[in-house]
Every structure is written in structure tokens, then in C-alpha cells.
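Participant: Chains A and B, in that order, give the protein sequences. UniProt numbering applies: residue 1 is where the first sequence begins, and numbers increase by one. UniProt numbering applies: residue 1 is where the second sequence begins, and numbers increase by one.
It cannot be assumed that every hint is accurate.
What the hints assert, rightly or not - Listed next, the in silico DSS-like pairs over lysine-lysine satisfying Cα-Cα at most 30 Å (straight line): (1) LYS327(A) with LYS176(A); (2) LYS359(B) with LYS285(B); (3) LYS356(A) with LYS75(B); (4) LYS75(B) with LYS446(B); (5) LYS139(B) with LYS209(A); (6) LYS446(B) with LYS123(A); (7) LYS123(A) with LYS216(B).
What the hints assert, rightly or not - If you want the footprint, here are the derived chain A segments under chain B, 3+ residues with CB under 8 Å: (8) 179 to 192; (9) 244 to 257.
Worth flagging that the hints you see were computed from the coordinates, not collected in a lab. Glycine included, each C-beta is placed from N, C-alpha and C at the ideal position.
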Amino acid sequence: MNPGEAENCREDMEIDGNGPEMPAQRHVDIMPDGFNANYLKAYYGKVFPHSDIFKWMCYGHDGKHPGCDPTYLSRREFSFTLDNDIYLRFQSYTSAYELESSIKEKCPFKIDIGPVYSVNPAKRHAYAQTGDNVFTPVERELIFDIDITDYDDVRFCCSGADICLDCWPLMTVAIKVIDTALRDDFGFIHILWAYSGRRGVHCWVCDAKARRLSNEQRASIADYFRVYKGNENSNKKVSLVGPVLHPFLARSYTDVLRDFFEGKMLLSQNILSTEEKYEKILDMIPDESVAAELRGKWQEMRKAYGSKDDINVVRWEQLKSLLCSAKLKHIQGLRRCIEEIIFSFTYPRLDMEVSKHMNHLLKAPFCVHPKTGRVCVPIDPNNCEEFDPTAVPTLSQLLQELNMSGSRADMDDELDRTSLGRAVRYFRSSFLQPLLRSCKEEIESAYNSRLQQSKNNLSW
Amino acid sequence: MQSLGTRRVYHQNDAVSTLPLYRSAPPLEVRLEDFEAFAVDRLRVLKAISDGLSRGKKPEEMEKLVEELWKTHMKQPKLSEAGNKDVISHFVLRLVYCRTEDLRKWFLSMETMLFRYRFKLQSPEAQRALMADLDLPYKAVNTAEFESVKDKVSQVARSIVQPPPTEDAKFYKVPFEEVPELVASRRVYIHQGNAYVAMNQVVSLVVTQFRSFLSKALILTNRKWTSSIKEQEKDRLTPIVEELSTSYLGPDYSQPRESAEISLKDIDHLAKSSFPLCMRHLYEKLKEDHHLKHGGRMQLGLFLKGVGLNLDDALAFWRAEFSQKVGAERFDKEYAYNIRHNYGREGKRTDYTPFSCQKVISSTPGVGDHHGCPFRHFSEENLRAALGRMGVGNRGMDDIIDKVRNRHYQVACTLTFEAVHGSTCDAGINHPNQYFIDSQKVLQSKLLEYMSIKDAEETIILLANISNCEPAHHVKQKNF
Ligand code: SF4
Ligand SMILES: [Zn+2]
Numbered sequence: 001m002n003p004g005e006a007e008n009c010r011e012d013m014e015i016d017g018n019g020p021e022m023p024a025q026r027h028v029d030i031m032p033d034g035f036n037a038n039y040l041k042a043y044y045g046k047v048f049p050h051s052d053i054f055k056w057m058c059y060g061h062d063g064k065h066p067g068c069d070p071t072y073l074s075r076r077e078f079s080f081t082l083d084n085d086i087y088l089r090f091q092s093y094t095s096a097y098e099l100e101s102s103i104k105e106k107c108p109f110k111i112d113i114g115p116v117y118s119v120n121p122a123k124r125h126a127y128a129q130t131g132d133n134v135f136t137p138v139e140r141e142l143i144f145d146i147d148i149t150d151y152d153d154v155r156f157c158c159s160g161a162d163i164c165l166d167c168w169p170l171m172t173v174a175i176k177v178i179d180t181a182l183r184d185d186f187g188f189i190h191i192l193w194a195y196s197g198r199r200g201v202h203c204w205v206c207d208a209k210a211r212r213l214s215n216e217q218r219a220s221i222a223d224y225f226r227v228y229k230g231n232e233n234s235n236k237k238v239s240l241v242g243p244v245l246h247p248f249l250a251r252s253y254t255d256v257l258r259d260f261f262e263g264k265m266l267l268s269q270n271i272l273s274t275e276e277k278y279e280k281i282l283d284m285i286p287d288e289s290v291a292a293e294l295r296g297k298w299q300e301m302r303k304a305y306g307s308k309d310d311i312n313v314v315r316w317e318q319l320k321s322l323l324c325s326a327k328l329k330h331i332q333g334l335r336r337c338i339e340e341i342i343f344s345f346t347y348p349r350l351d352m353e354v355s356k357h358m359n360h361l362l363k364a365p366f367c368v369h370p371k372t373g374r375v376c377v378p379i380d381p382n383n384c385e386e387f388d389p390t391a392v393p394t395l396s397q398l399l400q401e402l403n404m405s406g407s408r409a410d411m412d413d414e415l416d417r418t419s420l421g422r423a424v425r426y427f428r429s430s431f432l433q434p435l436l437r438s439c440k441e442e443i444e445s446a447y448n449s450r451l452q453q454s455k456n457n458l459s460w
Numbered sequence: 001m002q003s004l005g006t007r008r009v010y011h012q013n014d015a016v017s018t019l020p021l022y023r024s025a026p027p028l029e030v031r032l033e034d035f036e037a038f039a040v041d042r043l044r045v046l047k048a049i050s051d052g053l054s055r056g057k058k059p060e061e062m063e064k065l066v067e068e069l070w071k072t073h074m075k076q077p078k079l080s081e082a083g084n085k086d087v088i089s090h091f092v093l094r095l096v097y098c099r100t101e102d103l104r105k106w107f108l109s110m111e112t113m114l115f116r117y118r119f120k121l122q123s124p125e126a127q128r129a130l131m132a133d134l135d136l137p138y139k140a141v142n143t144a145e146f147e148s149v150k151d152k153v154s155q156v157a158r159s160i161v162q163p164p165p166t167e168d169a170k171f172y173k174v175p176f177e178e179v180p181e182l183v184a185s186r187r188v189y190i191h192q193g194n195a196y197v198a199m200n201q202v203v204s205l206v207v208t209q210f211r212s213f214l215s216k217a218l219i220l221t222n223r224k225w226t227s228s229i230k231e232q233e234k235d236r237l238t239p240i241v242e243e244l245s246t247s248y249l250g251p252d253y254s255q256p257r258e259s260a261e262i263s264l265k266d267i268d269h270l271a272k273s274s275f276p277l278c279m280r281h282l283y284e285k286l287k288e289d290h291h292l293k294h295g296g297r298m299q300l301g302l303f304l305k306g307v308g309l310n311l312d313d314a315l316a317f318w319r320a321e322f323s324q325k326v327g328a329e330r331f332d333k334e335y336a337y338n339i340r341h342n343y344g345r346e347g348k349r350t351d352y353t354p355f356s357c358q359k360v361i362s363s364t365p366g367v368g369d370h371h372g373c374p375f376r377h378f379s380e381e382n383l384r385a386a387l388g389r390m391g392v393g394n395r396g397m398d399d400i401i402d403k404v405r406n407r408h409y410q411v412a413c414t415l416t417f418e419a420v421h422g423s424t425c426d427a428g429i430n431h432p433n434q435y436f437i438d439s440q441k442v443l444q445s446k447l448l449e450y451m452s453i454k455d456a457e458e459t460i461i462l463l464a465n466i467s468n469c470e471p472a473h474h475v476k477q478k479n480f
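Extracted from the complex, chain A is given alone in its bound form (with noise of 0.2 Å):
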């Protein structure tokens, strides 16, 4: 067991408010909208790209070249969430076939992916039988969790597990300034981002220096995403020091937040419309006669303002002026705080210990939300903008489509003939190809310097 569970464990006991419900013969066109073991086991059997994330999974060590390791693939760790609710932790296969049977067999309702192992995770209490502590994870991806309950203080149009367009910006914001940061700063390659089906974003980081990462290593990338430093308690989450920003967070400031603020979140979130809303703003300002002095400013202008400037508009503004403004040089971190104000806005919320350990558990892409239906797709991070949470295939969506074209028998795959298949395509393309052929290098490079060490060891 692990804090992985933590997430799964909330979404394990929302499906527990889920009744399956079996109509007994439906026409195929008036398929209600939702979720049920009936429509999953189509989507098993029709849909779900089982081969691509075998291939995935293996990394190249798939038996086809003499430098692969067998038992790769058996000591990942699955786990399965089935709709009794019976949890199956440390679920392992050693081939496509038996990966593909069994989820069909048990019809998941939720497949997580966990470590490998250094032995084959469902054989692990015959190691610890022997003796040797031997059971430990060895390999995983680099993986981040966001979800936008965790920016509830900072988005006034829905709560808890809602998501509208209005809000849903912000994790395109995360998924950017992480992107970015994990690409150029890290230099990692084999970046996947999926929706998790209802409130937030995955991201797997898969290069094979990622993968083998140690706790202590992840937990440093962890930390250099973070900023937020205060507590419940206290007004200013978001702490910035020294004179200048880090060149990462710079960056971030320059590229993506500050922009996204001013034109879009203090717009789509009302920031500074209403008193309760702008106090607390106000609250984050160090200097309280500089808080009440545009506190005076917001109150009167509430009484006589006929502007048809937007109202969230002019106060940013006038704030920003007051803030820069050189009768107040000599007050500390006023600049700074227009920084703080943005950061703590839009800044990226990760669930740090998600990140930090290697045994967490994430769930796998392409599996289908028990509660909204929709399946856990890729994003495209260079056009995340264009990602649309509300128009995420669902289920019923799906196996409509595919029953519309069923008669089509001309059609090979059944993938295609549905809206999932760009998805699939773009997972392919975009991801799992180049992915596989730098394990494919690392392989070979791997096995000739074996060959070429054995060789030098022969003529000694």
C-alpha cells in the first residue's frame, strides 16, 4: 500500500454512488448517456487501444531484439478497480495477449499503472519468503497529478469536482508552464498529458533517465515546481524572495501567466468585481495604508461608475499604478506583489507527493471516468488551448458511433469509425513512436557494449 492510493481511493468511492442500471434491450440510437459495465465491456472489446499501451508499457523490450529483458513487462505493476468494488493491486503479464484477455475478462472500471518491480510484483510474496528484502520498485515514470479542486480559492465559477470552460484554462496554464519547464529545463523528450476524465490532467514523463529517477530526484523536480510556502492561515499562498525570479519561474511569468491573467482570468473570473473578491486581493498587498487607499478608490468608483471599460479591468490597472508608482519606492515588496497576486492565480497546483515517490499508482490513459463517462485521453501540449473537457468522447458517445456504422463491415478498424480515433492516432504519432525508437537505440547501444565488454574479456 502507498500514498498513491490516496486518488484512488476518491474515486473508488465515487463509484460506489454509481447504480449500473441494465436496460434489457435498447434500440441502439436512443443509448442513454453515462457509464455502465455493459457499455465498458463493448468498449474493452472494440475500442480501447490494448496493443498500444502493451507497446508502451514495454519500452521496447517486446522479444524482438537479443538485448531485451524478458521479464520487463512482468514486473509492472496494474491494478484493477472492478465494479463490486474489489480492488486488485499487483496485477502482472508477461504478454499483449494476456494483458488484452484479462482486462476483457475483468472489465476494470478503472486501470491503474504502477511501478516495476524488481521481481514480478504478483510473485512477490515468494521473494519475501527467501528472505532478501528483494521487492522494491526499480523503474517508473516521472508522473504529475493536477486537479482543479486544488484551485477552488481561485475560481468563482464552479466547485469541487465541476469543470466549465471558464475554469478549465487554468490547467492548460499548468499544462504549459510544466511542459515547457520538463522539455527545456530538463531536457526530457517522451512527455504524454491525458485528461483524467473529469477534473484535472496527467502527465507521464518516459524518457529513460525519468524512469529511473530516484525518490530524492523526483522530490527535487517536485520542489522546483513549487512556489506555494503558506498554509490555510495565511492571506499570501504564493511567497516570492530575492530581487529577481528564477529564470524558470521568469519564464513561466513572462510566457504564460501574466498574460493569461490580465487577458483572460480577470475577465472569465470577475477577479475584482465585487468587495468580498477584491479584499481578497487587497489582503495579499504587504503594506496596509497602500490596501486602503485603493480599498477608498474601489468603493467610491462602485457608486459612480458608468464606464463601459470592464470594472475588473480599471482596478487591476489603477492597482498596478499604485503598486509601481514611485511615491511608494521606498515601501519593500510592493512590486514584487503584483508578481505574488498573478503567481497565486494561475501559477500551476501540483499534488507534490504524487511526484514524489516512485510506487504511486496513476491511471492509465484511455480509460473511461466511471462518473462522467468520458475517457482519458491525450492532450496535445502545444495545442492544449484547443483541448475542450466538455467535448471529450464518453462512452455512450462511442459505442453510438460504433453501432451507427455497424453494418459497414469494409471498415478494419473499428477504431476509426470512431470520434476516439484521433486520440489514438495522436497517442501513436506523436508519443508512442518516437518514444519506442529511442528505446529501441538505447536497447541496441546497451547490447553492443555488453558484446564489446564480453569480447575484450575473451582476448584477456
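With chain A fixed as given, assemble chain B with the ligands onto it according to the hints.
Facilitator: Here is chain B with the ligands on its own, set in the frame of chain A:
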């Protein structure tokens, strides 16, 4: 890391540096008397470092502390003798601390801390010499490349309130994985997987290498201990080391939370030696019934968290018991949540703190409950039986019961502590976790006492024979 020491198997210190890397034990002859005395002195230094850390001392304070500790405990009239004492004491403790995971962990982190601050106290030349000794595979960034990153590097320096680098500043380009602490605090510029490490930050780099080397060496020492030393030295050293291990319980648990950790397999042992009665009782009931009701789970669960059981181990611990009664699946479904909740991982994510005596005493256990304070909630008969099992003799027993009758439960608990440990507890017991910490302190000081009063025997030990365990050395031998 594989480059460590591949060139020189027997490494002799560079004259310029007074900080050894402890690659291999020097072929020195050590009197058994010194063998112990040196180790005790070094242990004092390590323990004080551990205390300093648990009190939250800042890096600058730690640096001063280490400097003073070293002067006080490790100085010898002659420089060469001081060097020998340093190396000898390190290898002796390596032997004592190689034997369990917990001991290794504690020793590793304290020795690394000591090394870190001693490294910072070295002159720049000595530091460079040490880096050369470590065979770090990193090159200083050349001028052209430095130009290309100069702005960013200066920006980082300013962001952490450091003067910008001068024109001739030396930077090392290293994979970011090698300097996790600098990455975590955003104290380096990172580009395409490489961190640009300033000369005054190389301590992180050196420390990472040192730590990883020592970590491997400890495992090898352990192997060598079990495979040969234990047997070869069965008449001289083994009794000493074994004796130490029975009277010494492990890492310093005076850090109540976060920093200290205990592992699953130690709980049983610790429950007997250092749990207060309330927790011992819950623990025993859990083992017996494989179940505890909510109040008991909270009281014991938070206590264990305070003692240093991490979330993963806590889940494993509770699951191991509960699954015998309700099955693992039901445990995962119904109880795991509760345990994560205690660790602040679920629901509101607040961190729950372990209960104080006051809270435990004022609780109201109902039918089927085992939580609460035995001094208050047990019948006299049951209390006597429980105290008897803890090893309280007849004389102490009556004093304790007397206090209980007068409703001085915490005083009764304090007397119990004193009776069980054979030492005073002046502060009194206010918190179950304090009981635990104080108990551990007593048991540890008994160890130190033991070490220092041990009679000096006129035996000569060839230190190198027993503790020469260099990873690189092994690799090398295999190749031939
Ligand atoms: S006095 Fe405190 S520590 Fe002692 S048994 Fe009672 S609750 Fe536990
Ligand atoms: Zn919304």
C-alpha cells in the same frame, strides 16, 4: 559514481587536505582501548549533529557547531594522530552501524552532514584537491559556453541574493540529477538537463558523491561482517559489537517527527522497550484481535506517526493486522482512508498531531474500546497485571497504585517509566511521544556509558583487516 577511486586502491590523503574520503581503512594498528574510545568520541559528534538538526539549526549555525564539536572531541596533540583518530573512529562506527537498515541510514546521514560542513571549512585549494581525489567527471564550463549562459546564471545568483559571478568564475556543468538539493531550492540554472553549479556550490556535488560512495560501502561492510568478520573476530570484536547492538536500539529518536524514521520490523521491539502503557496496551490488543476500534486506531496511529513511522509503513502495518480479520480488500476500502487521513493525505489534508496525555486521559472509551489511559481507565486489578507485565516490581507497584488512587495518572506513568528504565525522569510524563523519546534517550546513554567504561584491553587490532571494504576495489578485482 563508478569512477570513484578506480585508480588508487589505497588512497593516501593529499597533504593539503585534512578531510579524508574514507575510501579504505589505512593499515594502522589500533589498540582495543583506542578502538572504543575513538568511536565514542566520534559518536558524540554525530549525536550532537543529529540533535542540532532536530532543533532546526540553520546551515550557518550547523557549520559553527560542527567546527566546535570537531575541536572538542576529535582533536589530538599531533596532526597525524588526529588524522588517524578520524579515520579509525569512522571505520569502527562503520562496522557498528553497518548491521541494520536503520543504523545504516542514520550513520549515513550524520556522516554525510559531518562531511558537508567539514568540506566547507576547507580552503579552496583543499576543496579542489578533494574534488580531484573524488575523480568527479565534470569539467569546468569553458569561456565560450559560459558567455552563453552568463545572463541566466547571474539571474539565478541574484534570485538567491548572491553576488553575480565574476568574469573568471568557475562553473561546473553537471546532470541535474547529481545536485538534487540545488534543484529543489532553485539555486542553479538548469538547461536541457544540465545544472550549472558555481564553485561555492560544489559542496553539494561532492556530498552527493560522498554519500553514494558511503552508502555502498556500508552495504559491503555489512556483507563482510556477516560473511567473515563476525566469525574471525568472534573472540575479540564480535562480542563488543554484538553487545553494542543489544543495548543500542538504533538511530537517535530525539527528533520527534519527520526527521527520524522507524521501520516496520522495529515496532515490535520498540513497543516492548519504549512504548508507554497506553500505547503498549493498544499495540498488544491489535496483535491479539487484529482489530481496533476508531478511537484506538487514532490514538495508536498518530502516536506511531509521531514516533517516525512513515505513511507507507503505517499502511503496511495496519493492513498486516486488519487483513487477518477483515481481509485485505475490506481494509483497503474501509480503513486505509482513515490512516492516510491521519497523515493528512485525505480529505482536508491537515496534519493530525499525536494526542497528549491530557487528551488521552480525558477521552471516554466505550464498550469494545481499548484506547485511553490505563492508569485512569483500567480497574486496579487489570492495571497491576499490566504493570507486572511491563516489569514493574512489587515495591514500585504500590507507589504507582497509590498515585492512581489519588488520580495523579501522569505521575503514576512517570513512576512507571522510572521503575522500568531504572533512571529518573525529572520532567515528568506529559505526552506519550515524549515518554517514547525519553525512553530512547535513556537506552542510548546506557550504550554510551557501556562504551566508555569498557575496560581497556591490551589487544592490538589491525583495523584494515576488519573494515576495508571499498566498492571500487571489488569491481577492480573482478576484472582481473
Ligand atoms: S500518562 Fe500519558 S503516557 Fe502515560 S499511560 Fe497515560 S496517556 Fe499514556
Ligand atoms: Zn468553472
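Participant: Run every hint past the structure and note whether it holds.
Facilitator: Going through the hints against the structure:
no. : hint                     : result
1   : LYS327(A) with LYS176(A) : violated (37 Å)
2   : LYS359(B) with LYS285(B) : holds (20 Å)
3   : LYS356(A) with LYS75(B)  : violated (41 Å)
4   : LYS75(B) with LYS446(B)  : holds (25 Å)
5   : LYS139(B) with LYS209(A) : holds (21 Å)
6   : LYS446(B) with LYS123(A) : violated (43 Å)
7   : LYS123(A) with LYS216(B) : holds (28 Å)
8   : 179 to 192               : holds (count 5)
9   : 244 to 257               : holds (count 7)
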